[in-house]
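The primary structure of each chain is shown beneath.
2 protein chains.
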Amino acid sequence: MLEIKDISPRVIEMQYAVRGPLVAKAAEMEKAGTKILKCNIGNPQDLGQKPLSYIRQTLALVTSPDLIEADSKAADGTSIIPDDLKKRAAEIISVTKTVGRYTESLGLEYVRKQVAAFIAARDGIPVDPAYIMLTDGASPGVKNALQAIIASEHTGIMIPVPRYPLYSATITALGGQAVGYYLDEERNWSTDIAEMERAYAEATEKGIEVKALVIINPGNPTGAVLSKETIIETIKFAEQHNLTILADEVYQTNIFGDNAFYSFAKYVHELGASDVSLISFHSGSKAVGECGLRMGYMEMRNIPRDVYDQLVKIQSVSLCSNHIGQIATGLMVTPPKPGDASFATYDREYREMQADLEAKGGLMYDGLNAIPHMKCAQIQGAMYAFPSIFLPAGKTDADYCQKLLEETGILFVPGSGFGQKPGTNHFRTTLLPPREEIEAMLEKLSAFHANYTAA
Amino acid sequence: MLEIKDISPRVIEMQYAVRGPLVAKAAEMEKAGTKILKCNIGNPQDLGQKPLSYIRQTLALVTSPDLIEADSKAADGTSIIPDDLKKRAAEIISVTKTVGRYTESLGLEYVRKQVAAFIAARDGIPVDPAYIMLTDGASPGVKNALQAIIASEHTGIMIPVPRYPLYSATITALGGQAVGYYLDEERNWSTDIAEMERAYAEATEKGIEVKALVIINPGNPTGAVLSKETIIETIKFAEQHNLTILADEVYQTNIFGDNAFYSFAKYVHELGASDVSLISFHSGSKAVGECGLRMGYMEMRNIPRDVYDQLVKIQSVSLCSNHIGQIATGLMVTPPKPGDASFATYDREYREMQADLEAKGGLMYDGLNAIPHMKCAQIQGAMYAFPSIFLPAGKTDADYCQKLLEETGILFVPGSGFGQKPGTNHFRTTLLPPREEIEAMLEKLSAFHANYTAA
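So the sequence lines, in the order shown, correspond to chains A and B.
Counting along the first sequence from 1, when you hit position 359 you're at 359 in our numbering, and nothing is skipped either side.
Counting along the second sequence from 1, when you hit position 127 you're at 127 in our numbering, and nothing is skipped either side.
Think of the hints as simulated: they come from the structure by calculation, not from any bench.
Please note that the accuracy of each hint is not assured.
Each pair may be met inside one copy or between any two copies, as identical chains are not told apart.
Claimed, not checked - In silico SDA-like cross-links for lysine to any residue, where the CA-CA straight-line distance does not exceed 25 Å: (1) K38 x T334; (2) K97 x G48; (3) K38 x F390; (4) K50 x A355; (5) K337 x R348.
The task is simple: from the sequences and hints, build the whole structure.
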């Protein structure tokens, strides 16, 4: 019998709080009939966000091409699917034949060219489709890069604190060293080069060879959006210490107010930092809310050919990312244009989706800050709030979140799951429930919080 | 700059010949205009196999539910999609809401129950849906299990020689020890317990802690199908040495002639071997030819709860397998039944698919054995032939396959990519090209082979 003592210690040590024990507890409560408000995970459509019709309709036709005909035979002359999408589906089928085949390891060249054109247009820089790899969401790309870079237990990877736990979990699984640099909560969770220098120096002193730097922009769980200037300083920092930059940019279209997204690729190019290796990640899970399709890509820049071959080899052992997700990635980066029959619907759906998220961000920010002993930084982007909660001595955010779940059915992730400064406590909530549910949630939370902090 | 000297030695050492340098060479030749016959990879639809309509039609409706309506409005009263599939699609949507959301880490309970019922019916044994995990094809399941079991560089995993290189590549990547046991080519690549004992003893003597045993049934690349008796002996061997069995059963429906498939789950249950941990893998890539959907599952049996929690945690870091692939897995295990409107088409398509593969197996077996200095064992199942080729001294199958590619455009994988007895040479070809292309290929191969062995 396989026993727990047989299991890899790296696996046992690995923590992934977004789906941790609290989530298992919530699942049990749900089975027993309690209504759970799942604010633990960025899963927009699970909480009612609607998919963009042009993506789904095109995917359906590509999956079962006989439906192109079916939709053209309506008795009343109307058809459900706009003609331009039927044309696109036919074009995709002519290129790839069938979604039932493995593609090449990197993914369909047709889609990689679409992605390259998208990045080129977004950033005004040259992009090589050969250095795009299509992945099942962003996570496998991140794991691929870390698997290549973590060469021994001395390899250090700089990661923000707090951060999405994929990074710490994967570094633990691969036996490397996570080198945390703190984000500055007082300045809206900003990224500070002096703090990076501190973390780097401290790790180096311990004999850790720091090889890469993870940046999450917009931030998860923080919601912070990096300025141009910070990006430029970060690239210079990476250049000085010969660090590969891993840029997690999966929330690049979830930007609120006057904030703007700037990519690392753009400034690595514009600075002429051709000695800085950069791997950037994007996904459709958040940009178009299609978590379940597992769609995404990574772009490799300033990566030597022999290293590139190794990254492709890692991917090849999984053969390729899912074919439908690859096509969805192509659709994401080439939305309908004015004049297309599908444009009006797309435009309305996309604006509504974006406006709704931003409005909920505002609602959450105001609501959380109205609760005494709680303080939430500006939410500049992404889809989370990560407020500080000021707890009585001896209490932890893990305990807080567990009691909150048990008493109210609200499911957050404790700040300890993301890392935080010692002595501070937080939770992460998504901005995703419908507005009226957010309002009801804030009321329950406020009452619970008053009780808990008074105890 | 990230340089090759920075890359993990485990990654550099990892070999995956199915997508190795020869495939890159073939891709170059194809870009330059040469027609390549891709016999390197089990990718049925890439070589013309048709998808099963009921799977694709249901998936299309689930992806874009508005098409259920579209298909019911035809002017001539006909509809493209059978009514029972429209009903199923509506049921699936009512259960899961949208394919755009993450499911729970294990995958949809609705599908896991379908898979459990399928195994229970196939084997006449009880199956717990909680111990089914839905995966993106079989590969991520295999990696998950190996990640848990490989605890250090002393952990040994017994793998057949020859074998599908996923196993050796993953063991290398995880830093474990591959303990090879030879299959017996003289007896149609059969599995021999005495040889397993030899390999086990030899590894143990070297200080390797052998923890698990990989069985591929039907065999890849060998095409061998295990008898009941061998399965029972293998389970007893595993029991005696306290080995977890990893049973790769992805070719379970690709069985030719009088051969029959028996699962490890069935006999682990019937023997009452409740102390033998078993993880079995299945996939839709071969069973229904849907490689591109990345659909599959693993079943865990006799796994303690705390170990199970670790396996689920590993999966949770990737959130879940792709949602459409999960639904496809449910469809695979619940095909249309007599009386369903979709049954006649399904029945015809499925029979044609199966008969075609078996006929091509016969064609390949006869053709390869008609070539002097080449010998192919019986092809009892799966979708490959793995003949011995008798080469002049100093020549290798790697060289043979490269020259063959360059001279004829035929792409095989050299035997060395799967492991083989020292001094022997082989290649693996799939059975997948259309019959007339197999015939043409055999002619070219025969001429090449005569030339090569005469040189």
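Verification of the hints:
Taking the shortest alpha-carbon separations for K38 and T334, neither the intra-copy value of 32 Å nor the inter-copy value of 31 Å comes in at or below 25 Å. Taking CA atoms no more than 25 Å apart as the test, K97 paired with G48 passes between copies only; the shortest distance there is 9 Å, against 34 Å inside one copy. In this homomeric assembly, K38 and F390 come within 25 Å of each other (Cα to Cα) only inside a single copy, at 23 Å, whereas the closest approach across copies is 63 Å. For the homomeric pair K50 and A355, the shortest alpha-carbon distance inside one copy (13 Å) is at most 25 Å, but the shortest distance between copies (43 Å) is not.
For the homomeric pair K337 and R348, the shortest alpha-carbon distance inside one copy (13 Å) is at most 25 Å, but the shortest distance between copies (43 Å) is not.
In this structure, only the earlier hint numbered 1 is contradicted, and the remaining ones agree with it.
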